[in-house]
Amino acid sequence: MTRRAAIRNAVLLLGGAIPAAQLGLLESALAATGVESKPRFLDPDQFAMLERVADLIIPETDTPGAVSAGVHRFIDMLLAEWASPETQEQFIAQLSSIDERATELGMSGFLDGSEDGQVEVVRLLDEEAFADGAPATFFRRLKKLVLFAYFSSEPGATQALRFDPFPGDYQPCLPLGDDDRAFFWLGYSYDL
Amino acid sequence: MTSDDNTVFDAIVVGSGMSGGWAAKELTERGLKVLLLERGRNVTHRVDYPTDGKPPWKMPYAGQVPEAEVARNYHVQKTCYAFSDYTKHFFVNDRDNPYKSTPGKPFAWIRGYHLGGRSLTWHRQSYRLSELDFEANKRDGHGVDWPIRYSDIAPWYDHVETFAGISGSYEDLPQLPDGKFQPPFELRCVEKAMKQKLESAFPDRRLIIGRTAHLTKPTDEQTALGRARCMNRLECQRGCRFGAYFSSLSATLPAANRTGNLTTVTDAVVDSVVYDAESERASGVQVVDAHTLERRKYSARMVFLCASTLASTQILLNSRSAQFPDGLTNSSGMLGRNLMDHIGGVGVTGTVQGFEDTYEKGRRATDLYVPRFRNVDEPDERFLRGFGFQGGAYREDWRRGTHSAGIGQEFKEQLQKPGPWRFGMGGFGEMLPDTRNRVWLDPKHKDRWGIPILHIDCKLRDNEFAILEAMAVDGKETLEAAGLTDVSVTSDIAPPGLLIHEMGTARMGHDPATSVLNKHNQAHDVPNLFVTDGAAMTSSACQNPSLTYMALTARAAAAAADMLKEGQL
Chain A
247 MTRRAAIRNA
257 VLLLGGAIPA
267 AQLGLLESAL
277 AATGVESKPR
287 FLDPDQFAML
297 ERVADLIIPE
307 TDTPGAVSAG
317 VHRFIDMLLA
327 EWASPETQEQ
337 FIAQLSSIDE
347 RATELGMSGF
357 LDGSEDGQVE
367 VVRLLDEEAF
377 ADGAPATFFR
387 RLKKLVLFAY
397 FSSEPGATQA
407 LRFDPFPGDY
417 QPCLPLGDDD
427 RAFFWLGYSY
437 DL
Chain B
321 MTSDDNTVFD
331 AIVVGSGMSG
341 GWAAKELTER
351 GLKVLLLERG
361 RNVTHRVDYP
371 TDGKPPWKMP
381 YAGQVPEAEV
391 ARNYHVQKTC
401 YAFSDYTKHF
411 FVNDRDNPYK
421 STPGKPFAWI
431 RGYHLGGRSL
441 TWHRQSYRLS
451 ELDFEANKRD
461 GHGVDWPIRY
471 SDIAPWYDHV
481 ETFAGISGSY
491 EDLPQLPDGK
501 FQPPFELRCV
511 EKAMKQKLES
521 AFPDRRLIIG
531 RTAHLTKPTD
541 EQTALGRARC
551 MNRLECQRGC
561 RFGAYFSSLS
571 ATLPAANRTG
581 NLTTVTDAVV
591 DSVVYDAESE
601 RASGVQVVDA
611 HTLERRKYSA
621 RMVFLCASTL
631 ASTQILLNSR
641 SAQFPDGLTN
651 SSGMLGRNLM
661 DHIGGVGVTG
671 TVQGFEDTYE
681 KGRRATDLYV
691 PRFRNVDEPD
701 ERFLRGFGFQ
711 GGAYREDWRR
721 GTHSAGIGQE
731 FKEQLQKPGP
741 WRFGMGGFGE
751 MLPDTRNRVW
761 LDPKHKDRWG
771 IPILHIDCKL
781 RDNEFAILEA
791 MAVDGKETLE
801 AAGLTDVSVT
811 SDIAPPGLLI
821 HEMGTARMGH
831 DPATSVLNKH
841 NQAHDVPNLF
851 VTDGAAMTSS
861 ACQNPSLTYM
871 ALTARAAAAA
881 ADMLKEGQL
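Going line by line, the protein sequences match chains A and B.
Count along the first sequence from 1, add 246, and you get the number used in the working numbering.
Count along the second sequence from 1, add 320, and you get the number used in the working numbering.
For the record, the hints were derived by calculation from the structure and aren't laboratory data.
Check before you lean on any hint, since a few could be wrong.
Chain B side only, calculated, beta carbon under 8 Å to chain A, not exhaustive [to be verified]:
no.: 1; residue: PRO375
no.: 2; residue: GLN384
no.: 3; residue: ALA391
no.: 4; residue: MET551
no.: 5; residue: ARG553
no.: 6; residue: ASP717
no.: 7; residue: GLY721
no.: 8; residue: ALA725
no.: 9; residue: ILE727
Computed spacing ranges between beta-carbons, pair by pair [stated by the list, open to error]:
no.: 10; chain 1: B; residue 1: LYS517; chain 2: A; residue 2: ASP426; range: 23 to 31 Å
no.: 11; chain 1: A; residue 1: PHE412; chain 2: B; residue 2: GLY351; range: 38 to 46 Å
no.: 12; chain 1: B; residue 1: ILE813; chain 2: A; residue 2: ASP426; range: 35 to 43 Å
no.: 13; chain 1: B; residue 1: ILE813; chain 2: A; residue 2: GLU350; range: 39 to 47 Å
Even glycine gets a Cβ: it sits at the ideal position worked out from N, Cα and C.
Please put together the full structure from these sequences, using the hints given.
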């Protein structure tokens, strides 16, 4: 669903009807609040592909998924501000490998594929990336970025995991129930 | 105080880190008027810890330093495990602080130039050296004999531990003497089981809780300084608003300040120690303003160099006069020689079976220690001296997802739960003193303050490589004896410097012909000059050295204050 379609749906749900020109205004207003914004580094198709892949790796469950945690926006921001020119170039060049894989599987492109087709592409890339003795692939790096972005986001750290900023007493031997989640911990430094 | 004036201080202390903070405290508490010089910026405890308590989503890049910034400013500092966007303001900018190392002999000089120095970012492990260590050079003939023995420093270990606050357990080990401890952090269930297995298989290999400079039961004195007990956040290198770990800013400098005898000047880069040929004494220091580059002098009755091993050495090498053309107090030729670090880079990991129903709450501020067990009672034919291991148990977390296959709901739900228990540890080995491992001033290249930069020429040699091999073999054997499976060894030998325990370049010794400092850290050649940071170390032992720097500094300061009162300086 595009952003514009999402807004239209939201407006319809509220029982309203809204002219297209005003949809644009609403979009700008949302962008200004930082809730939703255009990609800063990727083009719209690349951004949509990143969003889709992140969603397939970390879907919405009883806790927020990668997309509602803003993982795709965060990675786009990292690419715009944090990444070196070499990293930027590599990312763009290698992102197209996802489309290439989709084409090999008979789709016209990843974004045009069916949901099942997209899952198949990502599963295949994942299996290849983590096969014994596999060389470091782009997908491996992408998955690491997605996991880092997700679990270090507020929804990821505080809802998918438990966040404990001021533990106080140290309890070395706590019983763990079947549904108990792991505590968030970033380590001293994390090499992306 | 921005220009020369006529004030003559009782003492100038150069450097405000681990050693300098102690020198300032001990000297001011004995009534001396002290000028503390710090080359970096001022840091105010609590106020200037901008990342303390910040979750990653409040950081611009979740704790990652932009790649171009790392490449431009931090190509050396980035190799430190604690370097991140949370801590980069406590690391030097490598571009502005150049040094050279001989091609093929890399040296990682990890530094923090600001008030408090590396006492803000240290790993806080605090171990005493033992009689075994103070006798080591004499026994096997490497280096020169320490001019002190354990009994000389033991009361000073007591003194600094009591004030700093060291948590630890009493173990009665001759190679790792007990101290004045606050209550220890507890072992995880898994670690208790490992300990039992290991110690019954190898009674001489002990798995003990780390001794760490964290308050677990603050004394009245510590509370009065505004310090509180550790909250188990394990974000220490960002600075701690609770003052729960020992640093100059949380402990020694507040103590020095409350005497009313301390003057602190930051942004003052010490170029050299000024030597007065007539009195054969140091008369003060020459300083360059870090920003304006204006040069000025400060005068004092004695000088304590606590600028860190290599920085103090650089200052002395740059203090040249007709009497000391090769650097002040270098009549022995030993100034700049015998550079040591600890050796490491060998890691051992394994999986702990079971215990799936146990977890922990809080991020314990220390891991475990396996004290040295080689060359303690019986000689080991493979190498001289010894090594210890530091590490701990942990349940894998979401990060395991970055190196395993899986996508989708099931994968996500797995990563939300703690993974299997693992245990990892790394070796810390002793490096022999060797006159060939040395530093000198580059004759051609000066830094922005007009000071000749250091050239470092240091490498590991046969005994160090033998220790690294033994770490791998003994480490694997140790974890297997502790009941672990899938035990594997990784070896990525650290360049000297990277364990951040560089020491030895102005060593203590009995003989002025072969050492720079005497048993009170007093320069053989210049009686009112003291060096009490890591430069003074005659051998490296394998224990983390900061506690020893603290004890040596406090001991030297007491002796120096007495000598000053008795007119001997």
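Right, here's what the structure says about each hint:
1. PRO375: At 7 Å from the nearest chain A Cβ, PRO375/B passes the 8 Å test, so the hint holds.
2. GLN384: holds (6 Å)
3. ALA391: The hint holds - ALA391/B has a Cβ within 8 Å of chain A, the shortest such distance being about 7 Å.
4. MET551: With a closest approach of 5 Å, the MET551/B hint holds.
5. ARG553: With a minimum Cβ separation of about 7 Å from chain A (threshold 8 Å), the hint on ARG553/B holds.
6. ASP717: holds (5 Å)
7. GLY721: Holds, about 5 Å.
8. ALA725: holds (4 Å)
9. ILE727: holds (5 Å)
10. LYS517/B <-> ASP426/A: 23 to 31 Å: Holds, since LYS517/B and ASP426/A (Cβ atoms, about 27 Å apart) stay within the stated range.
11. PHE412/A <-> GLY351/B: 38 to 46 Å: holds (41 Å)
12. ILE813/B <-> ASP426/A: 35 to 43 Å: holds (40 Å)
13. ILE813/B <-> GLU350/A: 39 to 47 Å: With a Cβ separation near 43 Å, ILE813/B and GLU350/A satisfy 39 to 47 Å, so the hint holds.
Hint violations for this structure: none, all hints satisfied.
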